[in-house]
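J.: Turn these sequences into a full structure, and let the hints steer you where they fit.
2 protein chains.
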Amino acid sequence: MMLSRCTMCKRRNAMYMRPYSGEKLCATCFCRSVEDKVRATIAKHDMLKFNDKIAIGVSGGKDSMTLLSILAKLEKSFPKARLMAITVDEGISGYRDEALNIAEKFCQKLAVEHIVVSFKDLFGFEFDELAKDLIMKDPSIERLTPCAYCGVLRRRALNTAARNCEAAKLATGHNLDDETQTILLNVFHGDPQRIARVKPVSSAAHPKFIRRIKPLCEVLEKEATLYAYLKQIEFQSIPCPYSYAALRNDIRTMLNRMEEKHAGLKYTVYRSAEKLRNHIGEALPATGLNSCKLCGEPTVHAICQPCKLLENFKLYRG
Amino acid sequence: MMLSRCTMCKRRNAMYMRPYSGEKLCATCFCRSVEDKVRATIAKHDMLKFNDKIAIGVSGGKDSMTLLSILAKLEKSFPKARLMAITVDEGISGYRDEALNIAEKFCQKLAVEHIVVSFKDLFGFEFDELAKDLIMKDPSIERLTPCAYCGVLRRRALNTAARNCEAAKLATGHNLDDETQTILLNVFHGDPQRIARVKPVSSAAHPKFIRRIKPLCEVLEKEATLYAYLKQIEFQSIPCPYSYAALRNDIRTMLNRMEEKHAGLKYTVYRSAEKLRNHIGEALPATGLNSCKLCGEPTVHAICQPCKLLENFKLYRG
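Protein chains in written order, with the working numbering: chain A, 54 to 371; chain B, 54 to 371.
Hints may contain errors.
Identical chains share a label here; the pair holds if one copy fits it or two copies do between them.
Claimed, not checked - The calculated lysine-lysine pairs, modelled on DSBU-like cross-linking and capped at a C-alpha distance of 35 Å, are:
no., residue 1, residue 2
1, Lys275, Lys185
2, Lys367, Lys314
3, Lys185, Lys314
4, Lys90, Lys328
5, Lys361, Lys314
Just so you know, these hints were derived from the structure itself, not from any lab.
T.: Shown next as structure tokens:
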């Protein structure tokens, strides 16, 4: 097969064909196009101010490493903006250590401050302990999957750490695939109102809540990965040992199959959710959050999810 | 494998396991459960009155034949209700003739009046002629798939025929699979507001519009088919030669795969759409329809879809 020329620069050889647009791109133009898309997403949704202190949740996986790399590049045009990376150490032995090293090394290279917060320090236990107890199923207690527990606690850890650093925004590496999977997951779970929560910038407001932004939300997962490869960014690729998301995995596979046959479909699903959000939005409670009665942290309920889960966890432990 | 006993009658051998409920059913109890579900759907959505004249759109396929069979059975408890069947002859040679015979024979057996309306009589051409012209693509005219044309014209034909027979309701054989496919199709097409139109009873109102009902909307396609087999109802199983629905077919396959792994998922998608409908509903135009400026038939626009398509068709023909 003859290598085609890059349709953007018309000089170098193309190495990637973007199925939904038909563009053939060289490595340089591909990376620039991803950066441009992130810049456009940030501008469109008014994600950042020129002087924001931005905390990035960096797990060490491809998405957050790509996000860190791109934001570090964009930040150079904004001398008053500051970046910092936060890694949550859940306490998952044989898994999180590698990610911590990868994140630490990359932050040093980029000269970005790197903070590690641990479940142990924040909540008093390692995730391994909680997971072990979760597995010892006590049928009298209604339980969620390990991922649900971990997600709730990790979001709390990120918010607390970002607040302690006086960050104005908390950026996470959610990509287009994550977002479309969540959209369909909500439909397949019978919770379509939650589609209203899938959005590029969180709208919740509370003095203790750091606004979350998702600058990669319009970047395909495979393009975030390709970016990391082309930029020779090291990332952790082994999955979490507790990873358990049967329905989400099936949705991921299905969406990938559909996208292969109907290029651009993930974008269409994302646009559909944007439209639905406008309809659902009004029916949701106002954007002001309550303060949890137990810990004072922001929550939509009276008691926050982390407190509920920790209470539950104490019950198992007896 | 030992045959289990039917979990419903506890006497006969089961021949079907309903995955989403775990019930094991004998043929008799299975058929009764489908009839009960249809009766419950009709009651829940207030689809029928005791003295309604009900027109059933009968294509000769499994769904409409099952619907006809079940409604004929239910009607016996309502001496003042009357049933009639309408088959639309689109003019698709080698396809529709068989279906017409099958529908006619079954109506005779059930002693249900059977009416045939043809595209030729109503619109002046057979669908074969239109399809031939559609295939002779003139790129200057924006065109829909043959199915889209046929659907619009068939719905008009059914409405006109039902009105001419002074029917109070027009029942169609849409099953749960059809409805969930349409729901996801709308999301995948970027038209999620149209989810509001996927409903068991049409809410549109116009003196010339016969209210549409879908009594099978909570019956799985495979259960509608199994019902027809068990009741030895003859039906047409060859697909339409113009059948063209790439994305819908992919969605069908995907939903069937997902349902196999996550029994009950189609019901959950359907419930999700019900919830979304409540949110979207208010943003849609009021339920009163306009009269088409060209033909006077009910329409949400100024000119009805059939008139637009027929105008388009005239353009091709030159």
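J.: Hints the structure violates: just list their numbers, smallest first.
T.: none
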